[in-house]
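Chains as they are written, first to last, in numbering that gives the first Met the number 0: chain A, 0 to 96; chain B, 0 to 398.
Everything labelled a hint here was simulated from the structure, so no lab data went into it.
Be aware that a few hints might be false.
To be verified - Computed Cβ-Cβ distance ranges for the label pairs, DEER-style:
hint: 1; chain 1: A; residue 1: 83; chain 2: B; residue 2: 7; range: 37 to 47 Å
hint: 2; chain 1: A; residue 1: 16; chain 2: B; residue 2: 43; range: 48 to 58 Å
hint: 3; chain 1: A; residue 1: 83; chain 2: B; residue 2: 107; range: 55 to 65 Å
hint: 4; chain 1: B; residue 1: 17; chain 2: A; residue 2: 14; range: 44 to 54 Å
hint: 5; chain 1: B; residue 1: 43; chain 2: A; residue 2: 14; range: 47 to 57 Å
hint: 6; chain 1: B; residue 1: 7; chain 2: A; residue 2: 85; range: 32 to 42 Å
hint: 7; chain 1: B; residue 1: 56; chain 2: A; residue 2: 1; range: 41 to 51 Å
hint: 8; chain 1: A; residue 1: 83; chain 2: B; residue 2: 17; range: 23 to 33 Å
hint: 9; chain 1: B; residue 1: 43; chain 2: A; residue 2: 29; range: 29 to 39 Å
hint: 10; chain 1: A; residue 1: 83; chain 2: B; residue 2: 54; range: 30 to 40 Å
hint: 11; chain 1: A; residue 1: 51; chain 2: B; residue 2: 17; range: 13 to 23 Å
Given the structure is predicted, the values throughout are model-derived calculations rather than measurements.
Just so you know, even glycine gets a beta-carbon here, dropped at the ideal spot from N, CA and C.
For reference, the chains in residue letters:
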Amino acid sequence: MTRISRRLRKWTNEVLDLPQDVLLDLPRITLVGNQELTVENHQGVRHFSENKMILSLHQGALEIEGDELMIRAILPQEVMIEGIIRNIKYTGMGESS
Amino acid sequence: MKIPTLSGVRGCVQITVRGEGVNHLINALAEAGIPIWDIRPDSNNETADMKLLLRDFHALRPLLKRTGCRMHVTRRIGLPFRLVKLYKRKFFMAGIAAFFLLLFVLSSLVWNINVVGNEKLATEDILKAAKEEGVRPYQWIFRLKDPDKLSRALSLKLPDASWIGVERKGTTITIQVVEAEKPQKEPLASPRHLVSKSDAVITSIYAEQGRPLVQKNTRVKKGQVLISGILGDGEARSQVVVAKGEVKGLVWHEYQLEVPLVQKRKIYTGERKDKSYLVLGNRAIQLWGYGKEPFAKSETLTERDPLTWRSIALPIGWMTEKVMEVAETKETLQPEEAKKLGLEAAIRDILAKYGNDSQIISQKILHEKRENGKVYMKVLFEVEEKIAEELPIVQSQGE
Chain A
0 MTRISRRLRK WTNEVLDLPQ DVLLDLPRIT LVGNQELTVE NHQGVRHFSE NKMILSLHQG
60 ALEIEGDELM IRAILPQEVM IEGIIRNIKY TGMGESS
Chain B
0 MKIPTLSGVR GCVQITVRGE GVNHLINALA EAGIPIWDIR PDSNNETADM KLLLRDFHAL
60 RPLLKRTGCR MHVTRRIGLP FRLVKLYKRK FFMAGIAAFF LLLFVLSSLV WNINVVGNEK
120 LATEDILKAA KEEGVRPYQW IFRLKDPDKL SRALSLKLPD ASWIGVERKG TTITIQVVEA
180 EKPQKEPLAS PRHLVSKSDA VITSIYAEQG RPLVQKNTRV KKGQVLISGI LGDGEARSQV
240 VVAKGEVKGL VWHEYQLEVP LVQKRKIYTG ERKDKSYLVL GNRAIQLWGY GKEPFAKSET
300 LTERDPLTWR SIALPIGWMT EKVMEVAETK ETLQPEEAKK LGLEAAIRDI LAKYGNDSQI
360 ISQKILHEKR ENGKVYMKVL FEVEEKIAEE LPIVQSQGE
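Please model the entire structure based on the sequences and the hints provided.
Next up, the structure:
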């Protein structure tokens with residue numbers, strides 16, 4: 000994304016009052032207690048184990064730490080993770096948007 | 000939930016994937032739009048379990064090759080696998096099929112036919128008529144005609160029924176019959192005269208059929224013809240009919256009455272003792288009600304209750320004896336009361352003997368005396384009663 004297009008998007012976002020995730024490809028994260036996590040707009044699974052999962056995002060990644068983690072279901076845009084979630088962390092976001 | 004619907008019916012497999020790039024495989028599957036779910040990494044992070052639809056199983060192979068993973072199937076879930084298993088057990092399948100087939104066949108047979116509502120018509124006749132229309136046990140239900148057609152056909156066959164309804168409920172057919180109300184047939188009567196039952200004076204005569212020979216206030220003798228059954232002069236032109244009619248006359252009855260002045264009466268006091276017996280053949284074994292009878296006077300009522308099997312009495316049964324206490328009371332009557340009682344009894348006797356529509360015109364006590372604690376009376380009743388009696392006309396054969 001060029002700087003101009005990003006600016007334009009941000010501008011339209013402010014003017015039209017649209018949700019951020021629609022225009023900026025940001026993940027929408029829904030957390031139900033510490034047991035269920037739904038991430039929309041992900042870019043794939045980068046790491047996948049019982050205690051740690053790393054989901055690729057458009058920018059950076061989302062680290063999820065916990066116990067007995069599993070992917071309940073996965074779709075191109077959406078992933079649902081179940082287990083005992085202890086920690087959700089953004090990494091490698093680089094420049095803040 | 001993003002798990003595909005009806006995965007149990009469509010069939011799904013659980014696979015274990017081994018290899019370095021499990022996450023690549025998951026990404027590739029998600030990218031390809033193949034639904035996978037319940038992805039569970041193994042505790043030592045080398046393998047992962049996941050489930051996918053049977054439909055997508057073949058699409059899995061190139062992706063596995065591309066990501067360098069290997070897999071094996073751990074569980075097969077769902078209907079398609081069960082069907083395959085069933086297919087291997089052919090006889091079992093045949094049994095299931097035979098069961099349902101048999102159930103269907105047996106439930107499409109007529110098993111029972113009930114006939115309801117007939118009193119005069121014999122059930123056998125109705126069943127026979129129904130059988131001619133194809134309604135019989137062990138008949139196919141689909142071969143039966145429509146109930147309204149059946150009921151019409153049956154009505155035609157059974158003219159004594161005014162309406163016949165046929166109803167099928169499951170495997171039972173109910174034939175409802177409403178019988179036609181027919182006037183009662185009069186008993187056939189042979190030609191006859193009406194003659195007098197006793198000596199009397201006619202008070203009224205009404206001939207419905209036949210020729211009246213007497214008039215009101217005529218004195219008749221016993222056996223005299225009142226209404227003749229022969230019309231005409233008794234010669235060649237005459238006709239013989241059944242004489243019908245009503246003749247009333249005054250008749251005198253003499254009664255010798257005796258009424259005791261002391262009346263004895265038995266009254267149940269209501270006290271009772273039950274004895275129960277078990278009956279085996281000709282023997283009865285008393286089970287309950289032992290002990291002396293506490294009543295001075297009593298009457299015993301025995302009830303037998305044998306065990307029956309379809310109207311055959313078995314030699315085993317039950318018998319109860321009810322011992323009921325009786326008290327006797329004596330009542331002394333005044334002579335006037337005794338007379339009244341005697342007359343009432345005589346009138347009851349007259350009404351019973353000569354018909355309820357008899358009327359006592361007068362009563363006269365001819366003689367009365369008291370002797371040995373009894374009242375003796377001789378009473379003459381004048382009663383108006385029906386005096387007609389039938390006498391068949393015997394036609395002489397010789398002429």
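Cross-check of the supplied hints:
{"no.": "1", "hint": "A:83 x B:7: 37 to 47 Å", "result": "violated, 28 Å"}
{"no.": "2", "hint": "A:16 x B:43: 48 to 58 Å", "result": "holds, 49 Å"}
{"no.": "3", "hint": "A:83 x B:107: 55 to 65 Å", "result": "holds, 60 Å"}
{"no.": "4", "hint": "B:17 x A:14: 44 to 54 Å", "result": "holds, 52 Å"}
{"no.": "5", "hint": "B:43 x A:14: 47 to 57 Å", "result": "holds, 53 Å"}
{"no.": "6", "hint": "B:7 x A:85: 32 to 42 Å", "result": "holds, 34 Å"}
{"no.": "7", "hint": "B:56 x A:1: 41 to 51 Å", "result": "holds, 44 Å"}
{"no.": "8", "hint": "A:83 x B:17: 23 to 33 Å", "result": "holds, 26 Å"}
{"no.": "9", "hint": "B:43 x A:29: 29 to 39 Å", "result": "holds, 30 Å"}
{"no.": "10", "hint": "A:83 x B:54: 30 to 40 Å", "result": "holds, 33 Å"}
{"no.": "11", "hint": "A:51 x B:17: 13 to 23 Å", "result": "holds, 20 Å"}
When the structure is compared with the earlier hints, a violation turns up for hint 1 alone.
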